[in-house]
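*Asks:* Here are the chains, one letter per residue:
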Amino acid sequence: MSDPNLPVDEAQAPTSTETAPSAATNGSGTKWLSLRPHLFTLSEGNLFLLLAIIIGMFSGMAVVCFRITIEWIRLALLGSALAPPPLRVLLVPAGVGLVVAFLVQKFFTGARGSGVNQTKAAVYVFDGYVPFRTVIGKFLTCSLAIGSGQSLGPEDPSLQMGAGIASALGRRLKLSRDRLRLIAPVGAAAGLAAAFNAPISAVLFVIEEVIGTWSASALGAIVLAAVSSAVVMRSFLGGEPMFRVPAYTLGHPAELIAYAVLGVVSGVLSLAFTKIIAYFRPKLRALPEWTHYFQPAVAGLLIGFVGLRVPQSMGTGYSYIDQALHSQYTWQFLAILGFAKILTTSLSFVSGTPGGMFAPTLFIGAMIGGAIGGLEHHFFPQVSASVAPFALVGMGTFFAGFMRVPITSVFMVVETTGSYSIVLPVMISNTIAYLISRKYQDVALFDLLAKQDNMELPSMEEEREQIVLLVEDAMRKPDSPPLQASDTLARALEVAEASTEDVLLVRFPTGRWAGMTRKDLHAMAAGHSNETQLREVLSTARLPVLHPDQRLDDALRFIQGHEVLPVVSRAGSRKLEGVLSLPDILTAYQKTA
Amino acid sequence: MTSETENIVSRYVQRRVLLSSLLFLVMFFVITAALARSYHAREESLVLEWFQKGNAELANGKPALAIEDFRNSLSYGPENSQVQLRLAEALLADGRFTEARSYLVNLWERAPGSGEVNLDLAHVSMQTGDVDQTTRYYRAAILASWEKEPALQRRKVRLELCEFLLAHRMTNEAQAEIAGLAADTPTGDGILLEENGRLFLRGGEPSKALAEFEAALRINPRQSQWLGDAGQVAFEDGDYLKAEAYFSKSDRENPNPEIHASLLLVREILGNDPFLAGLSDDEQARRSLRDFDLGLQRLRSCAASGNAGLSPGQSQSEFQLLNKDAQDMQKRVTLRSLSRDPDLRNEALELVSRIEDAAARGCGPGTGLDQALKLIAKRHEGNNP
Chain H
0 MSDPNLPVDE AQAPTSTETA PSAATNGSGT KWLSLRPHLF TLSEGNLFLL LAIIIGMFSG
60 MAVVCFRITI EWIRLALLGS ALAPPPLRVL LVPAGVGLVV AFLVQKFFTG ARGSGVNQTK
120 AAVYVFDGYV PFRTVIGKFL TCSLAIGSGQ SLGPEDPSLQ MGAGIASALG RRLKLSRDRL
180 RLIAPVGAAA GLAAAFNAPI SAVLFVIEEV IGTWSASALG AIVLAAVSSA VVMRSFLGGE
240 PMFRVPAYTL GHPAELIAYA VLGVVSGVLS LAFTKIIAYF RPKLRALPEW THYFQPAVAG
300 LLIGFVGLRV PQSMGTGYSY IDQALHSQYT WQFLAILGFA KILTTSLSFV SGTPGGMFAP
360 TLFIGAMIGG AIGGLEHHFF PQVSASVAPF ALVGMGTFFA GFMRVPITSV FMVVETTGSY
420 SIVLPVMISN TIAYLISRKY QDVALFDLLA KQDNMELPSM EEEREQIVLL VEDAMRKPDS
480 PPLQASDTLA RALEVAEAST EDVLLVRFPT GRWAGMTRKD LHAMAAGHSN ETQLREVLST
540 ARLPVLHPDQ RLDDALRFIQ GHEVLPVVSR AGSRKLEGVL SLPDILTAYQ KTA
Chain P
0 MTSETENIVS RYVQRRVLLS SLLFLVMFFV ITAALARSYH AREESLVLEW FQKGNAELAN
60 GKPALAIEDF RNSLSYGPEN SQVQLRLAEA LLADGRFTEA RSYLVNLWER APGSGEVNLD
120 LAHVSMQTGD VDQTTRYYRA AILASWEKEP ALQRRKVRLE LCEFLLAHRM TNEAQAEIAG
180 LAADTPTGDG ILLEENGRLF LRGGEPSKAL AEFEAALRIN PRQSQWLGDA GQVAFEDGDY
240 LKAEAYFSKS DRENPNPEIH ASLLLVREIL GNDPFLAGLS DDEQARRSLR DFDLGLQRLR
300 SCAASGNAGL SPGQSQSEFQ LLNKDAQDMQ KRVTLRSLSR DPDLRNEALE LVSRIEDAAA
360 RGCGPGTGLD QALKLIAKRH EGNNP
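From first to last, the protein sequence lines stand for chains H and P. For the first sequence, the residue numbers in numbering that gives the first Met the number 0 are 0 to 592. For the second sequence, the residue numbers in numbering that gives the first Met the number 0 are 0 to 384.
Chain H on its own, in the form it takes in the complex (with noise of 0.2 Å):
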């Protein structure tokens, strides 16, 4: 443990010499513990999914307090009705600004921020380590500012409090490298999983935006964490979805091209989001540091003003989403809470207010898919349907246009409302939408903050748009057709002096290839009769074989040790497609390149 950054708990835990013998043997508690050995024994692999499990219960547990702390705080501060007095929308918000800007800069540096980035910068650059110490800070942080009104959400800070809670516990566990860059992702699909009410979203948003991998060993630990973290949230307050949709029916195929209108709409605004937030987030950083203890103030105050008029675009927003969804605003009113939602979340987000931005980005999406489908019902009635379907689908149209995310939040529409049938116009929606952004925008949001912060954190989405080189992207067809297993010496000379091939291929009626260079074919001409077979000389050859859709990569690893390969059909290890080699799979990346 020669790491300078050490976590204090991590640095407490007993050391193997100084105290596991004489616990084991002496200390009456655990003495069963030593009498029972195969009691407890877990494989590694075992235990971390124990361990997910445990962590999924931390984490839903730490969630609903969360949660809980937030509403008393909400409660306290700004009082049980949805419009507070104009007082204290004023005030609230910049006072606790302060507050909170001070604590950031002070105890909890590390939580600024949504807390996607910082989970994954745990992943990629702090082999899995998150202290613990931010885990209290995202706690006490968040709950006042998106208590006191900031236009932020609880989910991301929720996805980093997971992660920390299992990177503590994986700490505690002495768990390997490896493993331990993993538990960071396993207890943000618990925090998430949580927050959202919503396991298969959290777990995609996971693997999408974090990992990146669909790994059988994370897969499971993450699906285990997210359900047992799902459970226990919805075991202290309730299982019902998120939202409560009316019913939704595709009433005709022309809808769909209202829908198709919401996801250019969204696209362009989730752009226009980003747009904002990536112009104005480094502004506000390379100000002088005595500012960052105002800067949270400033923007709660300028909240304040918001919401003296637009009370619905301050704290998370749940409940006004599902009063759009329940046709209860008309599409200018739907329209004007939309824009004043994005203007107040880039004022928390960008001042360094600790929170996160899923709840203001499907409140924002709401909204406008509300508008647009009052808009289009009020000129179109008989093509578009009531506000409701849109509102619900914007919610995933504009998440899919800022997060980048474009499978997670089609699961998420689903889940957090627990209606299936709109899943055909959000498909539709979130593709345009998500097309859009990824068009004028290369780097996703989350990639883009990283960069502000000065990480080069992997890109999920580069990656998954990445070339893969196949091995058919590389071979070339042999100068001359493979030898059998039949020819005799003589016959391979002859071959050898037509072809301009280093190795000759000989093929084996069994589907089994070797080869031989021309050095070798001398030397065994030299030694055997010139009607000697191929199979006599080559009894024990044996050559890998490749096939056309293997990854390149992959090809790398098997050709060590030869000079070529050759590459089969699927369909027959007998019939040859190319032959690949060393300098083929070089010049291939160099293409590329």
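Don't read these hints as lab results, they were simulated from the structure. It cannot be assumed that every hint is accurate.
[Claimed, not checked] Simulated coverage check for chain P against chain H, where a stretch passes if three residues somewhere in it have a Cβ under 8 Å from a Cβ of chain H:
(1) 19-26
(2) 33-39
(3) 71-85
[What the hints assert, rightly or not] Here are the simulated SDA-like cross-link-like pairs (lysine to any residue), alpha carbons at most 20 Å apart as the crow flies:
(4) H:Lys173 - P:Leu18
(5) H:Lys173 - P:Ser19
(6) P:Lys52 - H:Gly78
(7) H:Lys173 - P:Val12
Since the model is a prediction, treat every value here as computed from it, not as a measurement. Just so you know, even glycine gets a beta-carbon here, dropped at the ideal spot from N, CA and C.
Guided by the hints, dock chain P onto chain H, whose structure is given.
*Replies:* Frame of chain H, contents of chain P only:
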């Protein structure tokens, strides 16, 4: 340290951490449960607090304020159907039908058999002018379950439905609903029977209406209002004898100028109707002659007034033609001829009817005897006694 020792130590640490984690998990569970319970209690109290506020605002006729209160209440108990229903009702009261409908449809999906929800949906559909939906929701509300006083609630809904159907001139459907309503009415409740009678009357079924009023009067024969209603129905049905009986009884029980005027009119009719059952030919002739003379006087006085009141489209020639017909008939009409010739009595009354119609259009509706003559003529219109 050997790998064996490392392994033992590692396992020891794992067990210890796992056990302490489980212990901590239990403690955390207890704390979270306590926190959640206290929060839920607070939520419930807030739901109730805002709900009561909203109810008070709604009762004070301030639906806009009530909407805010119910929304506040819903933010702490989003699944509370009672609050959702009241919010929908407040929205309805505030004229925000689309918003109300959204909540109600949501409630309906969860409880399609709720009488209140169906009734509110009927109100929303009525406001949006969807007659079919309105009728459907009303009928569903009649069949649906009601928590309090189901029979009374169903009757109220049926009454509303009848009113709605009558207002939309859907007479056949209305008559069917009124019949259903009457069938379900307990026989001992005079007020409800009278209510049925009024509906039958409005539905164009005076005989059924009279039956309901008479059923009500069997319970309380001295109820002057019901007597008046029964008299009115009998009057409109042309049963002047019955009408006279009810009006006079009502007038005795509780003198009322309107009833009294009706009574006098009925008596005029009964005293001048030549075709009243049981009259001799001579009496019929006398009455016919008197009616003819009265008609003639009406024609002359109306013509003498200068026909200032000629209605649009009414020409001077109409009066001239009537006058000519009257003069022609006057030559034929004698007590003797009328006594011998029932057709002539009929012809005379028909002419009186035409005169009264023309005079009513040209000189305003007749009163007293003229009104009685018009009603007598109308009663025997097309009849050949």
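*Asks:* Has the given pair, Lys173 of chain H with Leu18 of chain P, been kept, meaning a C-alpha gap of at most 20 Å?
*Replies:* Distance ~15 Å between Lys173 of chain H and Leu18 of chain P Cα, so the pair holds.
*Asks:* How does the coverage statement for the segment 71-85 of chain P fare against chain H, requiring three or more residues with Cβ below 8 Å from a Cβ of that chain?
*Replies:* As far as the segment 71-85 of chain P goes, the hint holds, because 6 residues have Cβ atoms under 8 Å from chain H.
*Asks:* Taking 20 Å as the top limit, are the C-alpha atoms of Lys173 of chain H and Val12 of chain P close enough?
*Replies:* Status holds; Cα separation ~8 Å.
*Asks:* Straight-line Cα separation of Lys173 of chain H and Ser19 of chain P no greater than 20 Å?
*Replies:* holds (15 Å)
*Asks:* Under 8 Å between beta-carbons, do enough residues of the segment 19-26 of chain P, three at least, approach chain H for the coverage claim to hold?
*Replies:* holds (count 3)
*Asks:* Counting residues of the segment 33-39 of chain P whose CB is closer than 8 Å to a CB in chain H, do you get three or more?
*Replies:* Per the Cβ count (3), the hint holds.
*Asks:* Would you mind confirming whether the straight-line C-alpha gap from Lys52 of chain P to Gly78 of chain H stays at or under 20 Å?
*Replies:* Distance ~15 Å between Lys52 of chain P and Gly78 of chain H Cα, so the pair holds.
This entry satisfies every hint, going by the numbered hints stated previously.
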